[in-house]
Amino acid sequence: MKPILECKGLGKSFGQKKAINNINLELERGKIIGLLGPNGSGKTTLLKLANNLLTPTAGEIRIAGFNPGPDTKQIVSYLPEKTYLNEWMRVKEIVEFFADFYRDFDPDKALTMLSQLGVDAKDRLKTLSKGTKEKVQLCLVMTREAKLYLLDEPIGGVDPAARDYILETIISNYHEDATVVISTHLIADIEQVLDYVIFLKDGQIALTSAVDKIREQEGKSVDSLFREVFKC
Amino acid sequence: MGWDFETDRPIYIQIMEKIQLLILAGVYPVGAKLPSVRDLAQQAAVNPNTMQRALAQLEEEGLVITQRTSGRFVTENEEKIIQARRRLARDQVTQLLVKMRELGLGKEQILEIINEIAEEMKI
Numbered sequence: 001m002k003p004i005l006e007c008k009g010l011g012k013s014f015g016q017k018k019a020i021n022n023i024n025l026e027l028e029r030g031k032i033i034g035l036l037g038p039n040g041s042g043k044t045t046l047l048k049l050a051n052n053l054l055t056p057t058a059g060e061i062r063i064a065g066f067n068p069g070p071d072t073k074q075i076v077s078y079l080p081e082k083t084y085l086n087e088w089m090r091v092k093e094i095v096e097f098f099a100d101f102y103r104d105f106d107p108d109k110a111l112t113m114l115s116q117l118g119v120d121a122k123d124r125l126k127t128l129s130k131g132t133k134e135k136v137q138l139c140l141v142m143t144r145e146a147k148l149y150l151l152d153e154p155i156g157g158v159d160p161a162a163r164d165y166i167l168e169t170i171i172s173n174y175h176e177d178a179t180v181v182i183s184t185h186l187i188a189d190i191e192q193v194l195d196y197v198i199f200l201k202d203g204q205i206a207l208t209s210a211v212d213k214i215r216e217q218e219g220k221s222v223d224s225l226f227r228e229v230f231k232c
Numbered sequence: 233m234g235w236d237f238e239t240d241r242p243i244y245i246q247i248m249e250k251i252q253l254l255i256l257a258g259v260y261p262v263g264a265k266l267p268s269v270r271d272l273a274q275q276a277a278v279n280p281n282t283m284q285r286a287l288a289q290l291e292e293e294g295l296v297i298t299q300r301t302s303g304r305f306v307t308e309n310e311e312k313i314i315q316a317r318r319r320l321a322r323d324q325v326t327q328l329l330v331k332m333r334e335l336g337l338g339k340e341q342i343l344e345i346i347n348e349i350a351e352e353m354k355i
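Protein chains in written order, with my numbering: chain A, 1 to 232; chain B, 233 to 355.
Everything labelled a hint here was simulated from the structure, so no lab data went into it.
Heads up, none of these hints are tricks.
Pair ranges (Cβ atoms, derived):
1) B:ALA257 <-> A:VAL229: 37 to 45 Å
2) A:ASP100 <-> B:ASP323: 53 to 61 Å
3) B:ALA350 <-> A:PRO3: 56 to 64 Å
4) A:LYS130 <-> B:GLY294: 49 to 57 Å
Okay, derived cross-link-like pairs now, BS3-like style, lysine-lysine, Cα gap no bigger than 27 Å in a straight line:
5) A:LYS147 <-> A:LYS109
6) A:LYS109 <-> A:LYS82
7) A:LYS147 <-> A:LYS133
8) B:LYS250 <-> A:LYS220
9) A:LYS220 <-> B:LYS331
10) B:LYS250 <-> A:LYS213
11) A:LYS133 <-> A:LYS122
12) A:LYS82 <-> A:LYS126
13) A:LYS17 <-> A:LYS201
14) A:LYS31 <-> B:LYS250
No residue lacks a Cβ here, since even glycine has one placed at the ideal position from N, Cα and C.
Chain A with its partners taken away, still in its complex shape (with noise of 0.2 Å):
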């Protein structure tokens, strides 16, 4: 099989500033897998080209062996960085129009977890507030059967009791085929969830390693050592 994502010398320059730099990289099916890296060192952009919203501008990516287009929207489930939705919907509105969208979605999950979290299926969008609408976005994308979920920043807004529910979710809910990138840079929080880490330095890689063997052989978390390498 062929592996779930697959980076070739890629790399995306917007002018002269290169914000993705000749990446080689292979992700493995059923994995949950930290993008970590400093403000502006790519996280964000590589994703972006995951999902076909932006084009590289050398080398490729490919999406279990495709190009990513609406072929492969249909295997993964992405969280971007910003809202999309539409403020004047409300919540349940919005579940009915995922579904429509989304073979793989399950609504009634959906409203489940919502609940979960407090959130109200009768309100609008507009009124909830900035961590509310985050948590509204995640339910929406993880309880879809996706193969690949590649969620951005998906804990930087929200309380740490919601997140905890949102890790917990990440755990219980993921397939033993799919894999889970999550970018972020509050690496405390989720260092134990995850197997890999890739660290982005300056729109390269600058390490990979499994979690457990950056703590077997540095002696330190996974935050340590982010300490350490992007010491500013």
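Got chain A sorted already, so can you dock chain B onto it with the hints?
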């Protein structure tokens, strides 16, 4: 949420220690069925693959056995449990003695203090 982990040691080793402790403490008694990997992973709030690795390691040490169709169980071999208990006790006492030596205490004094406290705690 989950179990507490130290930041400077592999998580799977800490999971092994924790489950071993649960077995020795009788939370999972001799021959008892363990929860599924997924349930344990959720309880501990760790990656299921990491939980799987910890359990496989416990299996290698003989404390846990897998029955192909029905899941994982605590070993029925009490000897294994006694051994594990003794190993853990030795580790802890070693750590304690290292610290006592740093304090400049000799064997006699250490034993005296241990007896004193055991008396107080009615052990």
